[in-house]
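S.K.: So the sequences go chain by chain: A and B.
Under numbering that gives the first Met the number 0, the residues of the first sequence are numbered 0 to 422, in order.
Under numbering that gives the first Met the number 0, the residues of the second sequence are numbered 0 to 166, in order.
Because the hints were derived from the structure by calculation, they are not lab data.
Certain hints may be false.
Claimed, not checked - Computed Cβ-Cβ distance ranges for the label pairs, DEER-style:
# : chain 1 : residue 1 : chain 2 : residue 2 : range
1 : A       : T288      : B       : E27       : 54 to 64 Å
2 : A       : L10       : B       : D154      : 55 to 65 Å
3 : A       : P235      : B       : P52       : 39 to 49 Å
4 : B       : D53       : A       : A55       : 21 to 31 Å
5 : A       : G98       : B       : G122      : 33 to 43 Å
Where a beta carbon is used, it is the ideal one built from N, C-alpha and C, also for glycine.
Each chain, written out:
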Amino acid sequence: MNAMANQPNILLDSERHLFKVARRSFVDPQILNAERTHIFDRCWLYLGHSSELAKAGDFVTRSVGKRSILFTRDVKNKINAFLNSCPHRGAQVCRESKGNAKSFQCFYHGWVFGADGGLRSQPGQECYDADFNKNGDANLVPVPRLESYRDFWFICFDRNVQPLADYLGNAKAWIDIVCDQSEAGMTIVGGTQEYTIRANWKLLTENSIDGYHAMNTHATYVDYLKNSSGSMSAVPFEGVGYDLGNGHAVIEYRAPWGRPVAQWIPAWGEDGKREMAAIYARLVERFGTAHADRIATSNRNLFIFPNLVINDIMAITVRTYYPMAPNEMHVSGWALAPQDEGAWARKYRLLNFLEFLGPGGFATPDDVEALEQCQRGFENLMEAPWSDISKGMNKAVPSYDDEVQMRAFWSHWDKCLQSGVTA
Amino acid sequence: MSAASTQIEVTRDEVEDLMFLEAELLDEWRLKEWLELFTEDAHYYVPATDVGPDASPDTSLFYVADDRFRLEQRVERLLKRTAHAEYPRSKTRHLVSNVRIRGRTGDELDVGAAVLTYRTKGGLTETYIGSYRYRIEVSDKGLRIREKRCVLDMDGLRPNGRISIIL
Numbered sequence: 000m001n002a003m004a005n006q007p008n009i010l011l012d013s014e015r016h017l018f019k020v021a022r023r024s025f026v027d028p029q030i031l032n033a034e035r036t037h038i039f040d041r042c043w044l045y046l047g048h049s050s051e052l053a054k055a056g057d058f059v060t061r062s063v064g065k066r067s068i069l070f071t072r073d074v075k076n077k078i079n080a081f082l083n084s085c086p087h088r089g090a091q092v093c094r095e096s097k098g099n100a101k102s103f104q105c106f107y108h109g110w111v112f113g114a115d116g117g118l119r120s121q122p123g124q125e126c127y128d129a130d131f132n133k134n135g136d137a138n139l140v141p142v143p144r145l146e147s148y149r150d151f152w153f154i155c156f157d158r159n160v161q162p163l164a165d166y167l168g169n170a171k172a173w174i175d176i177v178c179d180q181s182e183a184g185m186t187i188v189g190g191t192q193e194y195t196i197r198a199n200w201k202l203l204t205e206n207s208i209d210g211y212h213a214m215n216t217h218a219t220y221v222d223y224l225k226n227s228s229g230s231m232s233a234v235p236f237e238g239v240g241y242d243l244g245n246g247h248a249v250i251e252y253r254a255p256w257g258r259p260v261a262q263w264i265p266a267w268g269e270d271g272k273r274e275m276a277a278i279y280a281r282l283v284e285r286f287g288t289a290h291a292d293r294i295a296t297s298n299r300n301l302f303i304f305p306n307l308v309i310n311d312i313m314a315i316t317v318r319t320y321y322p323m324a325p326n327e328m329h330v331s332g333w334a335l336a337p338q339d340e341g342a343w344a345r346k347y348r349l350l351n352f353l354e355f356l357g358p359g360g361f362a363t364p365d366d367v368e369a370l371e372q373c374q375r376g377f378e379n380l381m382e383a384p385w386s387d388i389s390k391g392m393n394k395a396v397p398s399y400d401d402e403v404q405m406r407a408f409w410s411h412w413d414k415c416l417q418s419g420v421t422a
Numbered sequence: 000m001s002a003a004s005t006q007i008e009v010t011r012d013e014v015e016d017l018m019f020l021e022a023e024l025l026d027e028w029r030l031k032e033w034l035e036l037f038t039e040d041a042h043y044y045v046p047a048t049d050v051g052p053d054a055s056p057d058t059s060l061f062y063v064a065d066d067r068f069r070l071e072q073r074v075e076r077l078l079k080r081t082a083h084a085e086y087p088r089s090k091t092r093h094l095v096s097n098v099r100i101r102g103r104t105g106d107e108l109d110v111g112a113a114v115l116t117y118r119t120k121g122g123l124t125e126t127y128i129g130s131y132r133y134r135i136e137v138s139d140k141g142l143r144i145r146e147k148r149c150v151l152d153m154d155g156l157r158p159n160g161r162i163s164i165i166l
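Chain A on its own, in the form it takes in the complex:
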């Protein structure tokens, strides 16, 4: 490995339209350390969605970028994020994954904190000076930066990072397309899919925005659609891939599956047809035909650097993933839906979700298998050191099943590691 350490991670030959990534990037612990320092400690990372904290007092604990984070809505309805460690001796103050609480008591010595992070009381208060907490040192430590866009909350451990809106840049317009589905706002549906993949985290970035693998990896899902009478509309797969800058990328394409906003399929019957027509008509009223068509009938696999995926396909999934080791990642997946959709649409949305998505679906298990097989294949990297990400480089407008979106990720990833400066 040391002999390769001075070699580049990316080979780009613009004349021959070649783009290659060193497989060392997926296995080298030094690269993972560099990623932690130059990417996960410096980029905006997805924490959670406003809808997960619907009421004052609601809280969620979540591991983000190797930190344990307590995400709260306080009595003044302000959203907060704290490092989940007692300022006294360090124990995790909140040990539940979610709930509603007026305050949080560290069970070790009994210090009590409000949902705004402020120290409320501590046993043996008389043993401390009256102004013991005058600098706030005994309050829960807030994350260095916390900002949101369209109810998606992000945190950053680098106090000097650029504002979230600038960081998201061109990706904002694509988040808008997803969120504009609903006038009432979007919501995370109850239930988290949490799973481990024994593969490098960057393989899931590639896979989440990969239009090329569908016909092979997901042959049985396509068979399933064909077998289900009325599960397909007469729409061919076609679309475009975009580099959005800052490492963000998206593919936008048409596909034959049903979309509960709002591409009807015969399996949904006449009631479903009326409901889809009403949703679509309202979109046209709000946005005009062109934008309404885009919201309703085009699919988006949107990638926000470094590890957030919002895939608006036969249902909407929000997914993040973190490396535990070079060959292991933890994945969390949620379902996102219009807050105001009816019971019928919600039911079919979740049915659609499970057909394809998640570790019990008809497609994701095969993705997991593919990623794990790649990781095993990388054992041969001394003799077979490069992966190829060149598809579509010879085109003016890359298709959704080309690889421009992955090159966008890899180029920015390389820049972060090279310069140590993010975004």
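With chain A fixed as given, assemble chain B onto it according to the hints.
M.R.: Frame of chain A; chain B shown alone:
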């Protein structure tokens, strides 16, 4: 439901026989025969691990929520070489224990059990720990499964990564 079927007595032994047969068919990959143990209106559920055991797939995200059609499609899929997650096929062992008839309403039994399933593939063995809850139809043709729900006693699918087999 016929009047006759509500009068058929069922013992725990008979219920266990059904469940042990089911486990054997799954472990031997005789999935088409396994399907025959289910009624025509059958459902098979695996909820996410952070929703309650009684959660509904209409309002909460599950791992699996199959009606009869999708269950048949799941079997079709798993028997193909292109079901990559299960090709080559994994070796599995379903251990079913603590079987108890919790109640009966007319022609339907409410049955609970504990289950431990091992899946081995590519040199790795994964464990799925959970409980079963069955709704079993009693008729003069015998016992058939109307609903099977596997509630995992796990914090997510870690390190399993997938439910590519039937639990």
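S.K.: Output the numbers, in ascending order, of every earlier hint that fails for this structure.
M.R.: Those not satisfied come down to hint 2.
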